Amino acid sequence: MNFKIILIILLLPFGAVAKEELKIFTYGSFNSDWGPGPNIEKEFESICNCDLIWNTADSSGALLSRVKLTNNKEGYDILLGLDDSLVDEAKKNDLFLKHSVNTNGLDIDWSDEYFTPFDYGYFSFIYDSEKLNQPPKSFNELAERDEISIIIMDPRYSTPGLGLAKWINQIYKDDASNFWSKIQDQIVITSKSWSDGYGLFLEGESDLVLSYTTSPAYHSLIEDSQKYKSLNFEEGHASQIEVMGILKNASNLDLAKSFLEFSLTNGFQQHIPQGNWMYPVLNLKETQKDFYDAAPLPVSLDQVFPSSTEKDTWIANWENSIID
Amino acid sequence: MTNLYLDKGAYFIRLPYLVYLFFIITLFITTLYFLSNADNFSDFKFFSYFNTIKFTFFQAFLACSISSIAGFIFGLILYLSNKNPKVISSLLNFCFILPVIFVSFGSIFFYSSNGILSVIFHWLSVDYNVNVFSLKGIIYVTSYFNIAFNANFFYRKLINIPENYIKVLQSNGISFLKSIKLQLKNFIFSGYSSVLILSFIFCIGNFTIVYILSGSPNLTTIELAIYQSIIFDADLMRAILLGMTQLIIIMVISLSLISKTNTFSTFASFKKSYHNIDKPIFIDYFFWIIIAYFSIPFIVLIKGIFSFNLQSLLTVNFLNSFLNSLLVSIISLTISSILTLSSLNIYRSFLDNNSSFHKIIFISIAILLFVPSLSLSAMIFYFNFQLNFIFKSIWIVSIINSFFITPIMFIFLSSKFIENHNSEYRNTLLFNIKSLTRLIKIDLPKIRNEFLLVSTTVFVLSLGDLTSVTIFNNSSFKTIPLYISQLYSNYRYNDAFFILSLFIIFIFLIMNLPTLLLQKNAKN
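As you go down the protein sequences, you meet chains A and B in turn. Each residue of the first sequence is one higher than the last, beginning at 1 in the numbering used here. Each residue of the second sequence is one higher than the last, beginning at 1001 in the numbering used here.
Since the hints were derived computationally from the structure, they do not count as laboratory data. Keep in mind it's a predicted model, so treat the numbers as computed, not measured. Heads up, the beta-carbon is just placed ideally off N, CA and C, and yes, glycines get one too. Heads up, some of the hints might be wrong.
[Stated by the list, open to error] Where chain A lies over chain B, by a calculated footprint (3+ residues, C-beta under 8 Å): (1) 1104-1116; (2) 1226-1232; (3) 1383-1391; (4) 1489-1499.
Produce the entire structure from the sequences given, and follow the hints as far as they go.
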């Protein structure tokens, strides 16, 4: 009996200071040393009196798969990092709770009862202006110039890869397969992930790499190099919106909701441009002028939220058109 | 001789094998239950994977054929060069067990369009147009390991040609190469079927190589499709069915060879070798070409050492990955050793009693070689899900690794373990020697040297593995190969090559540990 009392007295201080935990599941680079995660964690913990615990998967595509396979038995509160191409599939699997966060007044049009956006970007091809003097101005010109080599990402494994398939389908519609066939000889590598492909491009393996219009900002602001530029296609650029949502069996709903609200404030958003190298969903053009100057917004195509069937069709078009 | 003699110790020794059997059967039943309850079973379109299956076996046949032919030629040249057999065999063994990421990244570093070879060609003003991210790259890297494996087999066979035979050849004026064609081929190729099967299985299971080097949608193997099913499509059913397809096809191909094989004889140990063969002209040049070929990936070490960065070793992620790698390998080796000794014991007891059930034991262990690691991962993932995730990632990866290395240990140790088993069995009955005593006092000392060598080999194989950990990794659980591959993916090439270089040096030290221990024992 005495032992129990002593134990309770000893443990009391720990209980008194024990903080609530918020478990967030995201992709690896978001919470890497160079990603926005660590700064966001500091900001949020300073106002929530809680512990923010990150867990990561290799890529954005792997996040939803993991939660589907485990039915979130691993107990995450928030899934951060799905993109618009996965939203439809995520809703179908009934894994997320509706939120009541106000998403009015953002820099993008957004209205979804399950997910809130936290950043966005536009797919583009990046080139080294010291090597490629006359960059193509459209997809048609790109396909006509056989000498230009390209690295893309595999749409089965990578969201930028799927983004390119979406982009091409938005522009060419029923003729997308034909376009893939035209450029297949120019594609020197189809990498499994964006970072693999981008690294190979920087090593000189190709003239162009599929990336985002924001990529040159990284080279300009961090490496002070102006040579990497984004192609500006006259047909317009497909966008990607990254979102987060509260998982159904979240253990701490109030805290999860607070985080979603926090994600649409300056405390979270200010770390996006030079942390995740995407455009923030809040308009920060005044405070992040350097970033916007280095990554000007291109002409945008309409936002598309593809269904699983549409995605399968895009991927099939791509697979069937590539012969080698 | 026909009564199965079992004391308490025998039950104790057999327990690990029975636990393994129980686990495998439970896993199989759980998988069948899962498949029978899968609502999307009819959605699986087998024929949509026809090209994937075709490519898997095409690249495996190609790599296996190249490895066999090149392995034989390399083995012959190495033999005719009259160099130190132990050094050559150790080199081939070391090349065979090198981590896949090391050889893959080394090949990219050497052959890519911005690699060393390209720089040399550019300097010579010669066009260089090799794309390492292609079928060529996959075959090259897959063959690298299997050429070393095949060459080691042939080299050891050649080294063990009886001295008298060569003397008779020489006295009759018959050249060595001619004698191979006339008579020696039967000796050299005896037991090669088992090496061919293993080589083919290694070529099929080249997931990491294909993952790194396939640069086109058509270069997709079954294992890559399984990876996609688990990681991106959350489709365990498809992963399992694809794995079973691969298992069945390999089994069909290997069945005829396995049925003729009681024990796998992979590598003959060195006996008294005879080295008084005339060296053909230019053989030394060929010898150094072979050495240069095997040395290509090691060029990465130069870049790694020049990228020295102490800070990269002091990060929590690195230390955590290093510790996890060691733990996984230690656990895998422990499970594998216990299971191997247990199953060998049962295997031998059936042989002692002239029962043909020993083949069942052999098949029950050897089958692990045929099951793709990633498919096994899918099965264990579902099993663990049903158990509410009681197994942590480190245990799952260790179990899967141990399942991969157990058949290698079993096959390597089996011939030595059952050597003279009949007379030993008579003695155990005569002197009433208990099973545990037989294992500790007779078996273990008998296989000590081989056990030490194979343990080191499988320990290193486990250290360098990058298959199941791609499925079960999380923020707190990564291994060194995964950590290096993530550094590489994140364009931190210098750190990746530096840590990779240290990793190879560490592996080299581990590989030399048994030699040192054996030398010390010999002196004592």
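Verify this for me: three or more residues of the segment 1383-1391 of chain B with a beta carbon less than 8 Å from a beta carbon of chain A. holds (count 3)
Please verify the coverage claim for the segment 1489-1499 of chain B: does it have three or more residues whose C-beta sits within 8 Å of some C-beta in chain A? holds (count 4)
Three or more residues of the segment 1104-1116 of chain B near chain A by CB distance under 8 Å? With 3 residues in contact (Cβ-Cβ under 8 Å with chain A), the coverage given for the segment 1104-1116 of chain B holds.
Closer than 8 Å Cβ to Cβ for three or more residues is the test here. Does the segment 1226-1232 of chain B pass it with chain A? Result for this restraint: holds, n = 4.
Of the numbered hints given earlier, the model fails none.
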